[in-house]
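Trainee: Following the hints, position chain B against chain A.
There are 2 protein chains.
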Amino acid sequence: MRKPQAVLFDVFGTLVDWRGSVSAGLAAFGAAQGLAADWLGITDAWRGAYKPAMNAVRTGALAWTNLDDLHRGALVELLPKFGVPGLADAQIDELVGLWHRLTPWPDSVAGLNALKSQVVIGSLSNGHVALQVALAKHTKFPWDMIFGADMFGHYKPDHEVYLGACKFLGLAPGQVMLAASHNEDLAAARALGMQTGFIAGPMEFGTPDERARPNQDWEVVADSVVDLAAKLR
Amino acid sequence: MRKPQAVLFDVFGTLVDWRGSVSAGLAAFGAAQGLAADWLGITDAWRGAYKPAMNAVRTGALAWTNLDDLHRGALVELLPKFGVPGLADAQIDELVGLWHRLTPWPDSVAGLNALKSQVVIGSLSNGHVALQVALAKHTKFPWDMIFGADMFGHYKPDHEVYLGACKFLGLAPGQVMLAASHNEDLAAARALGMQTGFIAGPMEFGTPDERARPNQDWEVVADSVVDLAAKLR
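Chains as they are written, first to last, in the working numbering: chain A, 29 to 261; chain B, 29 to 261.
Chain A extracted, bound-state conformation (with noise of 0.2 Å):
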């Protein structure tokens, strides 16, 4: 293996804790508002509805929407579903907005450190700009580059989103490595022929499960963003 001279992040799930963070963030809204629902299932329900969403945009049966409007209509299609009463724009608008502020691992931040003081670190993320730039900034991601899905016009595992991060770096594929906690993201990207990293660690869904194994024999295999950075170096 060659050292890459970039380093691309998956972002929900691989360096942030979207299922703890959304259901918190969901359980506060109901406490403040005096409403009682299964706050967990809610935010598992509206994570599921987020890959068909996106392939209608991937396929063509729906214009480019960003993950905050597709994130939006499906929030308001399934809370009816677990007994929450219609809410008005502006709470949604709030819930929407906890996509923005979610929790980091907790050694996310160290880790991106640590790496970039040895290479470009970006993310790579079906978040569209504006909602990584603030999630950056809430959680001190200290990226080098961001770059969305609305700079592409695509989602992942769309080929043009990670062949288009290469191009913006002006660097070949095989320069550049996924990092990621999805075996299907790293296998979009080594058909493209870069290079993958895979996080075992963090469990995304609650409690570990194979979607937290390596299924391939990817470049790296790493326990965390800490270890990552420790094995590139």
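If you are wondering where the hints come from, they were derived from the structure by calculation, not from laboratory data. No experiment lies behind these values; they were computed from the predicted model shown. Just to be clear, a hint being listed does not mean it is correct.
Copies of one chain are not kept apart here, so a pair can be met inside one copy or by any two copies together.
[To be verified] Straight-line Cα separation of at most 27 Å, BS3-like style, residue types lysine-lysine; simulated pairs:
id: 1; residue 1: K259; residue 2: K79
id: 2; residue 1: K109; residue 2: K31
id: 3; residue 1: K31; residue 2: K195
id: 4; residue 1: K259; residue 2: K168
id: 5; residue 1: K259; residue 2: K31
id: 6; residue 1: K79; residue 2: K195
Mentor: Okay, now just chain B, sitting in the frame of chain A:
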């Protein structure tokens, strides 16, 4: 004036001393190669070739070409006029790379850090993403977001650049300030509804001249980036 939610910066001249940096880099190259030439004159001629080359792209006479390639073409043309014999491609590339390693004005980093604690800060430069990522690594500019001309396929003062950056940030033009030492850059931003901040301090061309004085009532006129941050606080 409402406080902007984001401040975007012109880079060349506003935040970095391209003239001092490039001429020093050329002189060092010359000394290493045993070549004598008017390196400051070459620097000024090189920068002088910048606007016509960009304008060829802006008018469509030339397909999208990034700043490295514009710099390369201009340098190859002008070196013989300054009595510098044909250089190897690798040497030309090395000199083009000088624009990735420019020295900031003394207060640029401190000023950007002071602003970053208040608002989103980003670059809005005719440099492409790869150049700007390298330059930010070199200078330690703490960008929340880098906006490069290649994200838009246009050069300033084309409106696509200014409005495209606002759109990526999810902000209306009136919520965003352009900060620059160049009146014409600010005039283009103001015409699109952006706020404007003039930074009068740097002596980009080596001596104080009228280009270093505001020629409109910009929302903020500051002596330096540190002063701009203080005036926005």
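Trainee: All hints, please: hold or fail.
Mentor: Do the hints match the structure? See the list:
Proximity of K259 and K79 under a CA criterion of 27 Å is satisfied in neither setting, with 32 Å inside one chain copy and 45 Å between copies. Proximity of K109 and K31 under a CA criterion of 27 Å is satisfied in neither setting, with 49 Å inside one chain copy and 41 Å between copies. Taking the closest pair of Cα atoms, K31 and K195 come within 27 Å of each other only inside a single copy of the chain (18 Å); across copies the shortest separation is 35 Å, beyond that limit. Proximity of K259 to K168 under the C-alpha cut-off of 27 Å is found in both arrangements, the shortest distances being 23 Å within a copy and 25 Å between copies.
Proximity of K259 to K31 under the C-alpha cut-off of 27 Å is restricted to the intra-copy arrangement: shortest distance 10 Å within a copy versus 44 Å between copies. Taking CA atoms no more than 27 Å apart as the test, K79 paired with K195 passes in both settings, with 26 Å inside one copy and 24 Å between copies.
Of the numbered hints given earlier, the model fails hints 1, 2; all others are met.
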